[in-house]
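**Student:** Add chain C with the ligands to chain F, keeping to what the hints say.
In case you want the letters, here they are:
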Amino acid sequence: MNNDNSNPQYWFYLDNYVHLERLGNRVLLYNSLTGEIREYMDNQEVLHLIEKLQSPENLLVVQLGEKELKDPEISAFVHDMRNLFMGDLIEASRSTGKPIQLAPVLKLHRDADKMKTESFRSVGVNVMKYLDRLALYVNDSCTLDCGICSSARKQFLWCNRGNTGAELHIDKLRQLFDQLVGSDLRYVHILGGNILAYPGLHELISILVEHQLKRTFYIHYLNLAPGRESLQNLGLTLDNYSQMNVLVNFPVDEGKLKITCQILENFSIPVTFAFALQSEAEFTEAERLISALSIDSVSFHPFFNGQNLEFFEQGVFVDRQSLSAARPSLKEIHSRQVMNPFLFGNLTVLTNGDIHAGINDLPLGNLSKDSIYDIVYREVFQGQTWRRSRKQVIPCRDCVFSALCPPLSHYEYALGKNNLCRIWPLNIDGKAAN
Amino acid sequence: MKMLKSGLLFKSKLQNKYFYDRRCGTSMLCHPLLYLLLEKHNRGIDMAAWFEETVSGAAETVSLEGYGAVSRLELEYYFRKFTILRENGFFEETDTENLLSGRLKPDYVRIALANVQQVTLEVTDACNLDCAYCGYGKFYQDYDRRENKFMNPTMAKTLIDYIVKLADSPLNYSHQRDISIGFYGGEPLLNFPFIREMVDYVGQLNPRHNYFTFSMTTNSLLLEKYMDFLVEHKFNLLISLDGDEYSNSYRVCKNGSPSFPHIMRSAKALREKYPDYFREHVGFNAVFHNRNSVSALHRFFKEEFDITPGISELNTIGIKDSMKEEFRRTYANVNESLHQAEDYALIEKEMFIRLPNIRSLGSFIDQYTGFGYRDYNDLISTREGLKRIPTSTCLPFSKKIFLTVNGKILPCERIGQQHGLGWVDEHGVNLDFEKIADLYNSYYDKLKKQCTACAAAQMCLQCLFYLDIQADNPHCSGLMVEKDLSDFLSSHVSYLEEKPETYTRIIQEVSFE
Ligand code: SF4
Ligand code: SF4
Ligand code: SF4
Ligand code: SF4
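Chains F and C, in that order, give the protein sequences. Sequential numbering of the first sequence, starting at 1, is according to the numbering used here. Sequential numbering of the second sequence, starting at 1, is according to the numbering used here.
In isolation and in its complexed conformation, chain F is listed as follows:
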C-alpha cells in the first residue's frame, strides 16, 4: 500500500445497512436507518467506483488516496455518502491492512428456484407452513346493487354478487380445514354476496372456533340492518378471534349507516368500517360520516373505476418522498427482491371452488378436485403470485427502485400497469433527485 505522506491513503467503505442497486448506468443508494435516498446516473467515476465496491474481492471497501479524493465526482460522492451516513473513510494508517464489509447480500436457504435445480434438496419441505391467510367467498347472493360490485374484489377484499346461487358447501369447507391442521394458517376472511344468507355460516364459525383461526366477516352495511337477528344468532362472540369488517361504498345512505352503527354498538367483537373510495370528495364525505357517527375503527380502499386515475396518482402512486418516508427496512427490501410479501401465503376460494393465489391470476385448482397441499405446492414452485417481485415485471425490473417500492398489489392489474409511481421513467440529471 502506498503510505507515501504526500498521498495519504484511506479505506472508503459503504455501511451494510445501505441498500445499493446498480442497473446499467444508474445507481441508487438507500440508507435503511434514515430513509435517505441518493441516485447517480451516467456518472462514470461513480459508476466505476461502485463497480469496484461491489466486486467480491472488495466487499464494499476500496482504497482511495488523497489524490483520487480530489477528483470532483469522487469527492462529491464520498462527501454525500459520509453526510448521509451511508459510508465513510478510514485512514489506512490506523490498521495494518484492508478491512472488509459484511455485504448485505440476501441468502435464502430455501429459495424455491434454487431448490428445484439441486437434486439433493427436499423440495416440498415445510411448504404448508407458507399458507397464512384464506379468503373464502362462501356464497354470491345479494339483493343489493352497488355500482362497484363487479370489480371491487379484484382490487381489495370486498363482497361480490353473482346471484348464481353457488355456494361453498360446508362439508367441503370442513374437509378443507381438517387438512390444514399442520399448516400455519392463521387468518380466514369470510365473504359473500351476503354472508348472512349463507346457510352454513353458523357451522363454519364453529369449525373456525374449533381450529382456533382468526376470522374476519365482511358484511355490507346495507345487508346488516335487516340481518340483525341472524347476526345475533351467529355466536360470533365465542372467543376473541372474531372481527367484522362493515363495507361501505358511496353513495351512502346515512340513515341506514346510522342504524348499522346502532346495531353494532352493543356488539362485542371488534368492528372496522371499510370505505371504498373513488374520489377525494368521497374521502372528505367519509371523514364527515366517521366523525358524525363516532366511528373509531376505519380503513380506506381506493377503488379504480377507469375514470379516476388522478385520484390514484394523488393517493396511491409512490414517489421518492413517500418511499423515503416509508423507510423500508433492509429485511423488507430483501423480501421484496425475491417474493411478494404482501400476497405471499394468501389463497382465495371462490364460490365455484376455484382457488387463486392472486384473484387476478389464473386459478391454481379447485376445491372439489385438488388437495390444498397440491395447490400450495404448485404456487410455491410454479406459481404466478406469491413469489412475483417487481424484479420480474416491466418496467420495474429496469428500475433501481424495484426493491424499495411496495410489493405488487391488485391495483397494478386494475390500472393495467406496474409502475404506480411518479418516478418512472427515471429522468434524473446525475445527482440529487429528491
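Quick caveat, the hints were computed from the structure, so don't treat them as lab data. Treat the hints with care, as some may be off.
[Claimed, not checked] For lysine-lysine, the following DSBU-like pairs were computed, each having C-alpha atoms within a straight-line distance of at most 30 Å:
id	chain 1	residue 1	chain 2	residue 2
1	C	387	C	302
2	F	114	C	302
3	C	105	C	449
4	F	116	C	81
5	F	67	C	499
6	C	483	F	129
7	C	40	F	107
8	F	98	C	302
9	C	399	F	52
10	C	302	C	320
11	F	98	C	105
12	F	116	C	40
13	F	52	C	302
14	C	400	F	129
15	C	13	C	499
16	F	98	F	129
17	C	483	C	11
18	F	129	C	387
19	C	399	F	107
20	F	107	C	13
21	C	11	C	81
[As the list claims (entries may be wrong)] Examples of chain C residues lying across from chain F (beta carbon under 8 Å, computed):
id	residue
22	27
23	88
24	238
25	373
26	500
The C-beta atom is built at its ideal place from N, Cα and C for all residues, glycine as well.
**Tutor:** Below, chain C with the ligands alone, put in the same frame as chain F:
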C-alpha cells in the same frame, strides 16, 4: 432478568474494527472513532453527557485517549452516527432469559415426527471390520452391548407404519418431500435380506405427501455382491475409506489384515459397471486421525475417484477413562492439518464446504451478518419477541429418528445410546410425547443458567447430547464469554480480510437445510 450487552466490539488480525449487535443480529465494519464511542457506551458511560462535556467550551480539536486529536466536527459526526444507530435499536441490552424461555411442547414432538426427514435403522450391530476407532469399539463406553444382532424386520415395519400414519395426517406440513430410509450399522450389508425386505415393504406403501429414498453408509466389503440392487433402488451411498493404504490402516479386517484392497476393489467395480450412478449417488467419508492428512486425502480421492470426500473427526464424547491417552494420540484436528498443507489454497478451493473451517465460516455468515434466512416465512416474519428454546439441539425427530437393533428409539445415531426416547416392541411403538417434552425441558433447565449468561446463546451450535447432560450440573463446553465470542468473530472476519471472495462464494453455493 439476565441482560447481556447487545453490542460486541472486535478487531481483526489486521487491527480493523468491527462490531456485532446481538439484538439486531448483524455485524459491520466500524470507524475507529465510532468504535471508541461504542467502547465507552459499553462501559456504561452516559454518552450524551460525555459528549456534552467533551465538546462544551472545547477548542476546535479535542484530544481523545486511545485515538488522538480529533476535530470537534468529526466528533459531532460520529456522535450523530452513534445516535442514529441507537435510534434504530443498536446497542440496547438483550434480555437473554426471556429470549431463551421457549419450551418444548408435546405437540411439537408429534408434529416433528409427522414431518420426519430421515428414518435411520440400525440394521445390525455386527461388522466385518474391526476399526480401531469404531464408535462401538474400545474407546467408547456410551453404547449398548454389541451382540451381533440383526434387526427384526417386523420391528422396523412397525415403526415405519407408525410414522407413515402420522405423515399422512394433517400434521404433516410438507408435500412431495422424500423420507429417507437410512440403513446403518455395524455393516448394514451383513443383513442384506433385511434391507431388501424393507425396500420392498416401503415400495408398496403409498404415503400421501411423501416418497421414500434410501441411503446407506457401508465399508463396501460386500458391495460387489449387492450393487445391482443398490443401483436399482438409487441408494445414496457413503463409502467409508480413510485414504490410501496407510491412511486407511485403522480399518482392518477381523483377522487383522488391511481392508484397503477390498474397499478399493469394490468401489472401483461399482464405478466401472455403473459410472453414472457412481457420479450421482456415491460419496466417500474419511475419518480423520493421526494417520492421514487433509492434503493426502484430497490428493488420494482426486486421483483415484475424482471426488472430494467428506471428512469427520473422531467423536470425543463418551471416551473411557482408561483409553483417554490412546485416544489422544489417535485424534487429529482437520483444521490444523489443513493449515500445514502446502497446497492449502487449492485444497480449500476444491474441498470448500467439506472443510470444517469453511463450514464454520458459513455458519458465521449465516448467523452473524443478519442476511441469512431459512425460508420465505423467515424473511417476512418479525423476529421481535421470539422466544427460543435453548441450545442448538434439534427438536426431537425434527431431523431424524433412529431405531437401534435393540428396538430403542433415539433422535439420531450420533449420540450416546443412553438417550433413548422410546422403544418398539411386539406391542407397537412406545413414544410418550409428553414425557419426551418433559425430558428435554428438564435438560434445558439444567443448562439455563449457563445459556442465559452465554455470549453465544443466540447463535448456539451446541447439541446438549454431546454434554454430560444426565449429570446434575452438566458443564457446557461450548459456553462462551464475551471474549470468546469476539475471538470467534475476529477469526472469521480476519479470514475474510485475507480471502474476501469466499464470502460471496459461500452465499452463492452453500445452503443449509
Ligand atoms: S353488497 Fe357487496 S355483493 Fe351486494 S351488491 Fe354490494 S358490493 Fe355487491
Ligand atoms: S417503475 Fe416500478 S419499481 Fe420503479 S419506481 Fe415505479 S413502481 Fe417502483
Ligand atoms: S447430534 Fe444432536 S442436534 Fe445433531 S441430530 Fe443428533 S440430536 Fe440432533
Ligand atoms: S454454547 Fe452451551 S452455554 Fe452457550 S448457549 Fe449453547 S448450550 Fe448454552
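**Student:** Decide, hint by hint, whether the structure agrees.
**Tutor:** For each hint, the structure was consulted:
For the hint pairing residue 387 of chain C with residue 302 of chain C, the CA-to-CA distance comes to about 46 Å; that exceeds 30 Å, so the pair is violated. A threshold of 30 Å between alpha carbons decides the hint, and for residue 114 of chain F with residue 302 of chain C the separation of about 27 Å falls inside it, so the pair holds. Of the supplied pair hints, the one linking residue 105 of chain C and residue 449 of chain C holds, its CA atoms being roughly 21 Å apart against a limit of 30 Å. Between the alpha carbons of residue 116 of chain F and residue 81 of chain C the distance comes to roughly 43 Å, so the proposed pair goes past 30 Å and is violated.
Note on residue 67 of chain F and residue 499 of chain C: the hinted pairing holds, with a Cα-Cα distance of about 28 Å set against a maximum of 30 Å. The hinted pair formed by residue 483 of chain C and residue 129 of chain F fails the criterion: a straight-line CA distance of about 39 Å is larger than 30 Å. Distance check on the hinted pair: residue 40 of chain C and residue 107 of chain F sit about 34 Å apart at the alpha-carbon level, beyond 30 Å; violated. As the CA atoms of residue 98 of chain F and residue 302 of chain C are separated by approximately 35 Å, the hinted pair breaks the 30 Å bound.
In summary, the hint linking residue 399 of chain C to residue 52 of chain F is not supported, as the alpha carbons are separated by about 42 Å, beyond the 30 Å threshold. For the hint pairing residue 302 of chain C with residue 320 of chain C, the CA-to-CA distance comes to about 36 Å; that exceeds 30 Å, so the pair is violated. Only pairs whose Cα atoms come within 30 Å are accepted, and residue 98 of chain F paired with residue 105 of chain C is rejected, the gap being roughly 49 Å. For the hint linking residue 116 of chain F to residue 40 of chain C, the alpha-carbon distance of about 50 Å lies beyond 30 Å, and the restraint is violated.
In summary, the hint linking residue 52 of chain F to residue 302 of chain C is not supported, as the alpha carbons are separated by about 36 Å, beyond the 30 Å threshold. Proximity of residue 400 of chain C to residue 129 of chain F is assessed by CA-CA distance (about 19 Å); at most 30 Å being required, the pair is judged to hold. With a C-alpha separation of about 13 Å, the suggested pair residue 13 of chain C and residue 499 of chain C falls inside the 30 Å cut-off, and the hint holds. Pair hint residue 98 of chain F plus residue 129 of chain F does not hold up; C-alpha atoms about 43 Å apart against a cutoff of 30 Å.
For the hint pairing residue 483 of chain C with residue 11 of chain C, the CA-to-CA distance comes to about 11 Å; that is within 30 Å, so the pair holds. Our distance criterion of 30 Å between C-alpha atoms is met by residue 129 of chain F and residue 387 of chain C, whose separation comes to about 19 Å. This hinted pair checks out: residue 399 of chain C and residue 107 of chain F have alpha carbons roughly 22 Å apart, not beyond 30 Å. Between residue 107 of chain F and residue 13 of chain C the CA atoms are separated by roughly 27 Å; this keeps the pair inside 30 Å, and the hint holds.
With a CA separation close to 20 Å, the supplied pair residue 11 of chain C and residue 81 of chain C stays within the 30 Å bound. Taken as an interface hint, residue 27 of chain C checks out: its beta carbon lies about 5 Å from the nearest beta carbon of chain F, inside 8 Å. Checking residue 88 of chain C against chain F by beta carbon gives a least distance of about 5 Å; that is within 8 Å, so the hint holds. Because the beta carbon of residue 238 of chain C sits about 13 Å from the nearest beta carbon in chain F, more than 8 Å, this interface hint is broken.
With a least beta-carbon distance of about 5 Å to chain F, the hint placing residue 373 of chain C at the interface is held under the 8 Å criterion. Satisfaction of the interface hint for residue 500 of chain C is found here, the shortest Cβ-Cβ separation to chain F being roughly 4 Å, below the 8 Å cut-off.
Hint compliance for this structure: hints 1, 4, 6, 7, 8, 9, 10, 11, 12, 13, 16, 24 are broken, all remaining hints hold.
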